[in-house]
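Residue numbers (UniProt numbering), protein chains in the order written: chain F, 1 to 178; chain S, 1 to 131.
It cannot be assumed that every hint is accurate.
Restraint ranges, calculated between C-beta atoms of paired labels, are given here [stated by the list, open to error]:
hint	chain 1	residue 1	chain 2	residue 2	range
1	F	ALA16	S	PRO48	31 to 41 Å
2	F	ASP84	S	SER99	44 to 54 Å
3	F	GLY159	S	GLY46	42 to 52 Å
Incomplete in silico selection of chain S near chain F, CB under 10 Å [what the hints assert, rightly or not]:
hint	residue
4	LYS114
5	GLY117
6	SER118
7	VAL121
No wet-lab data here; the hints were simulated from the structure. Since we're looking at a predicted model, the values are computed, not measured. All residues carry an ideal CB built from backbone N, CA and C; glycine is no exception.
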Amino acid sequence: MTAAVVSSPALEEVLARARELIGQWRDEDCGTPTVKDFCRYAAALNDGGYIRRARALEADGRPVEAPALFLAATMSWEDGPTEDELRPDGLARRESPCTEGLPVRQVHGGQSVRLVRPPVAGTRITAARAVVSARHKRGRSGEFVLLGVRTRFLSPDGGELAAVDETIVVLDATGGDR
Amino acid sequence: MTAPAVGAECPPRRYAHTSVQLFRFSAVSWNAHRIHYDAAYAATEGFPDAVVQSTLHGEMLSRHALEWAGPGARLESVAWRNVATAVAGERLTWAATVSSVEGARVRLDARILKADGSECVTGTVEVTRAG
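Let's have the full structure, built from the sequences with the hints guiding it.
Right, dumping it as structure tokens:
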């Protein structure tokens, strides 16, 4: 149900910006996660079993693998902007591609995660991220833009750890039509 | 666990996310989007309470699948679509059906349902069971 005409100027601008960005891959340094990073993630999921196993492996000097979706769930690897640089909804520019300064809001449409190799604590991880699609749609609740963002996580040897495709739904925050 | 059959229903799992968990998950995943921890802000976007994170739904789809698959099971992939919003304290149910079996690799059609039985999240999870 793709609309032929975009009614919202804000969404039209999102589409224009996204189309400029499509295929432009940006590298990110995810740093070197530690066992503590993994355990804190598990704690937020009430997974005490993971924490006990991870700490026991660490005490034995054995490798500790991250919780399966640790990379996919982490929203940003940047040091992060200060609060005054966040959008009113709390999102940073990186988490809200193509929308800076526009009266829009966004929600997550869904995600597809393919796991290749689990990251191990103490190993540096990099990511490559790009907007890969931008589509205008019209549904029951009005028009919106679907942004497709792909992230590939890599180990120091260049091997792929995981690939994540996510869909970001961008809606006009003002109601939309011109 | 014996080999699962295509079409078999997994026992459902019922749960709810507390507002404390939503805050902690936002913090640990570096997600500052206010709809997930600021109920008053969430209300300005039309949500009745703090909104469950998409990736937390993905975690629940995966974790219940791994639990069902038994000790040593490994997650291969997960994909999901957010159909409706869930909020803090809302009663949710994980349900899944075996859609394919290739050796130790099992694919589930999984969903998260709201209290009235409507779909909140739909997706697929692929796991490899321990030998």
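The hints, checked one at a time:
1. Here the CB-CB span from ALA16 (chain F) to PRO48 (chain S) is close to 35 Å, well matched to the stated 31 to 41 Å.
2. Range check, ASP84 (chain F) to SER99 (chain S): about 48 Å between beta-carbon atoms, so the 44 to 54 Å window is met.
3. Taken as a hint, the range 42 to 52 Å holds for the pair GLY159 (chain F) and GLY46 (chain S), whose Cβ atoms sit roughly 43 Å apart.
4. Because the beta carbon of LYS114 (chain S) sits about 17 Å from the nearest beta carbon in chain F, more than 10 Å, this interface hint is broken.
5. Restraint check, GLY117 (chain S) versus chain F: the minimum CB separation of about 20 Å is more than 10 Å; hint violated.
6. A hinted interface residue such as SER118 (chain S) counts as satisfied when its beta carbon comes closer than 10 Å to some beta carbon of chain F; here the least separation is about 15 Å, so the hint is violated.
7. Taking 10 Å as the C-beta contact cut-off toward chain F, the hint placing VAL121 (chain S) at the interface holds, the least distance being around 8 Å.
The structure is inconsistent with the numbered hints 4, 5 and 6, although it conforms to all the rest.
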